[in-house]
Amino acid sequence: MSVALPDAEALVAELVRQLAPRVTAETGMVGIVTGGVWLAERLHRELGLALPLGALDISFYRDDYASSGLHASVKPSQIPFEVDGRHILLVDDVLYTGRTVRGALNEIFDYGRPASVSLVVLADRGGRELPICAQHVGATLTVPARAKVVLSRSDGGVLTLQLERDA
Amino acid sequence: MRNPQLNAKGELRHLLTIEGLPREILVHILDTAKSFLGVTEREVKKVPLLRGKSVFNLFFEPSTRTRTTFEIAAKRLSADVVNLAIATSSQTKGETLLDTVDNLSAMHADMFVVRHAASGAPFLIASHVKPHVHVVNAGDGRHAHPTQGLLDAYTIRHYKKDFGRLAVAIVGDILHSRVARSLIHALTTLGAPDVRVIGPQTLLPTGVERLGVSVHHDMAAGLRDVDVVVMLRLQNERMRGPLLPSAGEFFKAYGLTPEKLALAKPDAIVMHPGPMNRGVEIDSTVADGAQAVILPQVTFGIAVRMAVMSILAGASS
Amino acid sequence: MKIHIKGGRLVDPRHGIDAQRDLFIAAGKVVGVGAPPEGFHANRVLDAAGLVVAPGLVDLSARLREPGFEHKATLESEMRAAVAGGVTTLAVPPDTDPPLDEPGLVEMLKHRAKSLNLAHVHPLGALTARLEGERLAEMAELADAGCVAFSQADAPLPNAEVLWRALQYAATMGYAVWLQPQEPSLARSGVAHDGEVATRLGLAGVPPFAETIALATILALVRVTGTRVHLCRLSTAEGVAMVRQAKREGLPVTADVAAHHVHLSDVDIGWFDAHFRLVPPLRSARDRDALRAGLADGTIDAVCSDHAPVDEDAKLLPFAEAEPGASGLELVLALTLKWAAEAKVPLASALARVTSAPAAVLGIDAGHLGIGHGADVCVFDPAAHFRVTPDALRSQGKNTPFLGYELAGVVRYTLVSGHLVHEAPAA
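Keeping their order, the protein sequence lines are chains H, S and V.
Number 28 in the working numbering belongs to position 17 of the first sequence; there are no gaps in the numbering.
Number 876 in the working numbering belongs to position 49 of the second sequence; there are no gaps in the numbering.
Number 617 in the working numbering belongs to position 367 of the third sequence; there are no gaps in the numbering.
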């Protein structure tokens, strides 16, 4: 693998630095299953957010359901705070086409009407297919179109970005 | 013989019976249902999964309750739902079951939810429809009611966590019960080691023990130390005739009273597929008591039907 | 027309022949076995090398669906199916519409059959008027019109007194009565053998004692009336045992089994395949084995096709609502051979079950190749196979549980009264 990826732990620290001045006791945070939740758990802890963390599995909102079906086990979505009128940080690991974020936004709005939603991602690899951008980005990457950037978490909780060649 | 419910990839294409389905498929349905349960507790109880799909509720036998739960489930998946109550009279006018299905298929149905008085009718429909169309059995004769069996299994898992040590008693009219058959298959597939059926000989089908259950005619022995008691509905027309002398005599022997329930484990749950005949198969004190989970069953039923429909619609054609 | 069937293995169970013999036919009769009569010059020589030359089959139950059910089948389609299957004599049950309960209908049927000039047709008369099980049919009139015996077909006879009186009356006149033993109150609502399969599939069951209770009633009445009774379509192990005992006792009873019951059991229903909806229902494997044993030891005299062509719409229904019955005329020979091969029964004994034995049940001169008797002949290739497909069946009824089976025993020639009515030489 010739493309060098940044250290995920450093990017977490960078995001904490960006977000710290903007969060309040009223800020809600929601991670997208699975990598987004890992990242959100770290940010939530390090920012010391007061409200419990939410998690979204957007399987029920995917736009490729008709072709790919509902195979993998779907985790329950949960937003354990009132959404109406709240400023929400939506967290995902890697921003690519924007379709996942679209699904997540739809699902958030099925819980209520937030005052605002800001997108927080560890890495933006470009390749957008929808008019979506992130407000808080750890790093911007340039990777081959057929490659896949994935976040992994070690048993000790250390986050790492990896590149997978698509078959 | 290939299971007609699975496609070439082994994915669930139709849900016709629980019998013969791999355990992983059942667990996947139950897990998915759990996720949908979250959806039904939100402000907007709807997900866009089946948007643009048409679900036809094809009820050849009247059942408001089951039809309603399927309708709610389909609507919460954003499907378009068409309800058709087809009196058998239109069939006597010369239109066959498959004519009806062909007509509706021409209206671009994506899924048929079928209730029919004849055992096996959904199999006939499933063997006839185009590859992209899915069939859900919502109860066929005495044969199967797989979504009910799954929601019963879901309820049991919800309260008892693990099937591996459970004793479950199913009480009453097993002979005519599709609910009992589907639950028995669900429990034996999911690994429940002790499934009992309790009833008089007249209400137990020949060879029922071959389904993997033990047979009891006496409530005292049958209910001893069970974790789950499932009471079946006794149809009115069976209450007097060659099978039973009277509803009263049935209640004396097999009705679930607090005294009989005391034979089960103290934390045993009581289930009933509804609608209940209070004073025939179940005493009101029990039906409304702390151990009854009859209303949660209904709530779980919607989530289970959402799971089934979304998994079927996602199977490749 | 003089025909010389040359070089075949002649199997004539009635005369105890199983040897390479030529067969000579003239003026509709067998005129020589082994050697031709003096001055015999064949107009046609049929090469039967490698083939079996047997008496034409005698089938004890073939529904031709006329009159009344021409949308299911016609006399012509089914008689062509019969001769294609090597069947040259048919007993026709009376459950037509209207039923064969008056002489005019019987005469018409016989006349129609004769004009087709294919197989011989022997109608069974209705035992009771309109098969309703209440009033006796005019048996003597029907016998004069050509009925060989009297039967209720599958129609119930719920009243034991009517049965008793019918048997007395038939005995008085010297007629045989054919009965399918099924206690109607136990069989009425059922559609499958009352066992594990019916329980799994949620199908209403017909308990095996529906047959044995009816048999006990019939045998008790035969004991007092002495009526010659033929028991149709045995299906249970206990039923076979009762018939065995009755024969030992010397009661004048005979019995048959449907070819599908010799090979299939309730497990074969699979997921509600309506082709397996039959009356009586397919029973357990244990019952099937007992039927095969009964056939081997002669308790069961004959195998019949129980031919019942059903239109496709009547089978494309949920199992319980589908019309019962299977098309069988073209399979009965192959299915009998299959049983013989599996049960290691000699060919002549097996063929006796579809030729001489059913002829004896009918009390007619058929099912053998004696010199001077009618030349009804079936010449078949025991080694050739065919696949059972809707297209391969000449019967209008494409409904058979054996669809997709590969069966041995292909009929090459069928002769009825010395006429070649079916010809399918090896390609």
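Please note: incorrect hints may appear among the correct ones.
Stated by the list, open to error - Estimated spans, in silico, between C-beta atoms of each pair: (1) S/R1051 with V/R415: 53 to 63 Å; (2) V/A642 with S/R1051: 56 to 66 Å; (3) S/K836 with V/A269: 54 to 64 Å; (4) S/G1034 with V/G257: 52 to 62 Å; (5) H/P91 with S/R878: 40 to 50 Å; (6) S/R878 with H/R33: 41 to 51 Å; (7) S/K902 with H/T45: 38 to 48 Å; (8) S/Q1062 with V/P640: 33 to 43 Å.
Said to hold, decoys possible - Within a straight-line C-alpha distance of at most 25 Å, the following computed DSS-like cross-link-like pairs (lysine-lysine) qualify: (9) S/K957 with V/K565; (10) H/K86 with S/K902; (11) S/K873 with H/K159; (12) S/K861 with S/K880; (13) H/K86 with S/K873; (14) V/K364 with S/K957; (15) H/K159 with S/K861; (16) S/K957 with H/K86; (17) S/K1079 with H/K86; (18) S/K872 with H/K159.
It should be emphasised that the hints constitute simulated quantities derived from the structure, not laboratory data.
By construction, the Cβ of each residue, glycine as well, lies at the ideal position given by its N, Cα and C atoms.
Looking at the structure, which of the earlier hints fail to hold? 5, 6, 7, 11, 14, 15, 16, 17, 18
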